[in-house]
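Here the protein sequences line up with chains A and B, keeping their order. Numbering follows my numbering, in which position 310 of the first sequence is assigned residue number 310; successive positions increment by one, without gaps. Numbering follows my numbering, in which position 272 of the second sequence is assigned residue number 272; successive positions increment by one, without gaps.
Heads up, a few of these hints could be off.
Said to hold, decoys possible - If the Cβ cut is set under 7 Å, some of the chain B residues that face chain A in the computed set are:
(1) Ile161
(2) Tyr165
(3) Ile176
(4) Pro207
(5) Thr257
(6) Thr318
Said to hold, decoys possible - Far from chain B by the CB rule (all over 12 Å, computed), these chain A residues:
(7) Lys14
(8) His15
(9) Ala41
(10) Ser48
(11) Gly53
(12) Ala154
(13) His208
(14) Val244
(15) Glu271
(16) Asp283
Honestly, the hints are just simulated from the structure, not real lab data. Source: prediction; values computed, not measured. C-beta: ideal position from N, C-alpha, C; glycine also.
There are 2 protein chains.
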Amino acid sequence: MSKTDHSNNISTPKHLAIVGATGAVGIEMMKVLERRNFPVASLRLLASPRSAGKSLEFRGEQIVVEPLTENSFKGIDIALFSAGGGISKEFAPHAVKAGAIVVDNSSAFRMDAGVPLVVPEINAADAGSHSGILANPNCTTAITLMAVHPLHRAFGLKRIIASSYQAVSGTGARAIEELRQQVDEISQGRPVTKDVYPHQIAFNVLPHVDSFLEDGYTREEMKMQNEGRRILHLPHFTASVTCVRVPVYRAHSVAVTAEFENPVSLEKAREVLMEAPGITLHDDPSKAIYPMPIECSGEDNCRVGRLRLDCALPNALTFWVSGDQLLKGAALNAVQIAELL
Amino acid sequence: MSKTDHSNNISTPKHLAIVGATGAVGIEMMKVLERRNFPVASLRLLASPRSAGKSLEFRGEQIVVEPLTENSFKGIDIALFSAGGGISKEFAPHAVKAGAIVVDNSSAFRMDAGVPLVVPEINAADAGSHSGILANPNCTTAITLMAVHPLHRAFGLKRIIASSYQAVSGTGARAIEELRQQVDEISQGRPVTKDVYPHQIAFNVLPHVDSFLEDGYTREEMKMQNEGRRILHLPHFTASVTCVRVPVYRAHSVAVTAEFENPVSLEKAREVLMEAPGITLHDDPSKAIYPMPIECSGEDNCRVGRLRLDCALPNALTFWVSGDQLLKGAALNAVQIAELL
Numbered sequence: 001m002s003k004t005d006h007s008n009n010i011s012t013p014k015h016l017a018i019v020g021a022t023g024a025v026g027i028e029m030m031k032v033l034e035r036r037n038f039p040v041a042s043l044r045l046l047a048s049p050r051s052a053g054k055s056l057e058f059r060g061e062q063i064v065v066e067p068l069t070e071n072s073f074k075g076i077d078i079a080l081f082s083a084g085g086g087i088s089k090e091f092a093p094h095a096v097k098a099g100a101i102v103v104d105n106s107s108a109f110r111m112d113a114g115v116p117l118v119v120p121e122i123n124a125a126d127a128g129s130h131s132g133i134l135a136n137p138n139c140t141t142a143i144t145l146m147a148v149h150p151l152h153r154a155f156g157l158k159r160i161i162a163s164s165y166q167a168v169s170g171t172g173a174r175a176i177e178e179l180r181q182q183v184d185e186i187s188q189g190r191p192v193t194k195d196v197y198p199h200q201i202a203f204n205v206l207p208h209v210d211s212f213l214e215d216g217y218t219r220e221e222m223k224m225q226n227e228g229r230r231i232l233h234l235p236h237f238t239a240s241v242t243c244v245r246v247p248v249y250r251a252h253s254v255a256v257t258a259e260f261e262n263p264v265s266l267e268k269a270r271e272v273l274m275e276a277p278g279i280t281l282h283d284d285p286s287k288a289i290y291p292m293p294i295e296c297s298g299e300d301n302c303r304v305g306r307l308r309l310d311c312a313l314p315n316a317l318t319f320w321v322s323g324d325q326l327l328k329g330a331a332l333n334a335v336q337i338a339e340l341l
Numbered sequence: 001m002s003k004t005d006h007s008n009n010i011s012t013p014k015h016l017a018i019v020g021a022t023g024a025v026g027i028e029m030m031k032v033l034e035r036r037n038f039p040v041a042s043l044r045l046l047a048s049p050r051s052a053g054k055s056l057e058f059r060g061e062q063i064v065v066e067p068l069t070e071n072s073f074k075g076i077d078i079a080l081f082s083a084g085g086g087i088s089k090e091f092a093p094h095a096v097k098a099g100a101i102v103v104d105n106s107s108a109f110r111m112d113a114g115v116p117l118v119v120p121e122i123n124a125a126d127a128g129s130h131s132g133i134l135a136n137p138n139c140t141t142a143i144t145l146m147a148v149h150p151l152h153r154a155f156g157l158k159r160i161i162a163s164s165y166q167a168v169s170g171t172g173a174r175a176i177e178e179l180r181q182q183v184d185e186i187s188q189g190r191p192v193t194k195d196v197y198p199h200q201i202a203f204n205v206l207p208h209v210d211s212f213l214e215d216g217y218t219r220e221e222m223k224m225q226n227e228g229r230r231i232l233h234l235p236h237f238t239a240s241v242t243c244v245r246v247p248v249y250r251a252h253s254v255a256v257t258a259e260f261e262n263p264v265s266l267e268k269a270r271e272v273l274m275e276a277p278g279i280t281l282h283d284d285p286s287k288a289i290y291p292m293p294i295e296c297s298g299e300d301n302c303r304v305g306r307l308r309l310d311c312a313l314p315n316a317l318t319f320w321v322s323g324d325q326l327l328k329g330a331a332l333n334a335v336q337i338a339e340l341l
């Protein structure tokens, strides 16, 4: 075979479908496909009957959103799912049966042994072993691991203790509107309307993301350990996380203390972080340069900063990472997985 | 001596002064003195020449704020200082010379071996050994230690890894106004004005509280370890903290992982937290009950919740604490120290 065969193979245009096209992540998926010049032969937009009939623009053309049915996947090569775990569980098998490969952004299949859970910068090779479905990791997990993985390669990861600062867009469009409305209500002295979150989110923080497990952690908090073990190929890795919703519109941040098997050095840590794909070191505190959610919004790369030798744990580094959870935590990572196929 | 001597002694009315009376903490100090029926013989309000001449109400009477000078402390028994480290360093010695006992809310004397650093619920006995000055701890440290101390007594504290979610009122009245103004500017589509913080605080989070040290931690972050060692009498205690400013008006929150020398149990932890003074256990996640800054604002007690066995560190507990940093973190603790005298 000639040298060009491989690249020809990559760029063979694909017939794509997006399930949940009208959601926050679905819309980002279209933008990412455009921005990365993904070879799209055709794009089918699928959503609930309620959203069907709307038109969305893709590469200058209007595409009418169709209602999702069992028969939506005929002729589709790759289906990007982002419409919640229930929809994925019900419709991904139909997509696979119709011959499509599914890249699923929900948590439905992430822990299935037969489903690769992939962050392309970390474990791209895992994508090769799929049986029709590949899973996209949890947003906070993906953003954190982007910074942790290069350090793991250098020093051998043992465990993580982390606290998150998660934006309302992680909950969806209604949560964005709820924050906006509450801010207006407070500035006008009116009572605060609560609908999406159990408590006021404006000018408050909620140590509550996803539902609670019996041991007192939330499902969201345990994803770092459960998904991290699969992505990093570290079956004994442990992670204790506190996930907190903050009144930020977009981009998640995480304060991370990572303990390693081997001695760490700041020089080496900086070096591997600067060389790693998909992350940018923003770390000059004397000039007030550190990652912040408002600067990471809309940016593909995750930003890492506040890097320091941990003063309480030996062989440990503490740092701060921010990333756009709609991009690296969802749409970008899903399209990157599709690029691997 | 009769049994009543001691209580008579406590209630002998004192001549008080508040330095920094017009600041956020100074105003809270007056409210706390009123609320706790502190035996006040007279109250002198002191501030910068700029604020002097204003009148503030105390127990139904108007008191005119006087300009702070070297001679302000004649006849004063107890002077509560909350006007920044520079003012404390310059004027506390004059107060002591005039015969007053100083309770200082700044960081000026906290690490001086001859100055007791006191959280009355934890180390009240230390107050006895003062030489005229007693120090009030950092707000985030005080709030965190209120929850940590009962657990330390039960299990023997080894180290802490923590991340904070700190309100803008910790910075002062101008920061409260800056958040309010930025929210208005954003809702009106106008450019955002930055003055107090180096970056926008509205709908953002800043991993930057206080100034940076050479090792990459901030001064604020190291206070937990440095002040914690003195308050807990644990010279080898270590604490790795990431301090983060969040767009909340009042009350700080901290996600804490505390590792102990001895095995921990949730039952025992709950028991000691329920019995401990100054804290309230708000911990029923299934009913969305956990500490939140908007509920702790104006409340003397700190709230503890999200208590769980740590899944990454042995002999460790992870929990969430919120407290009003103007009260337990400042004014309340200072008045409680004055009550010990």
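State the violated hints by number, sorted upward, taking the hints as numbered earlier in the document.
Failing hints, ascending: 3, 13, 14, 16.
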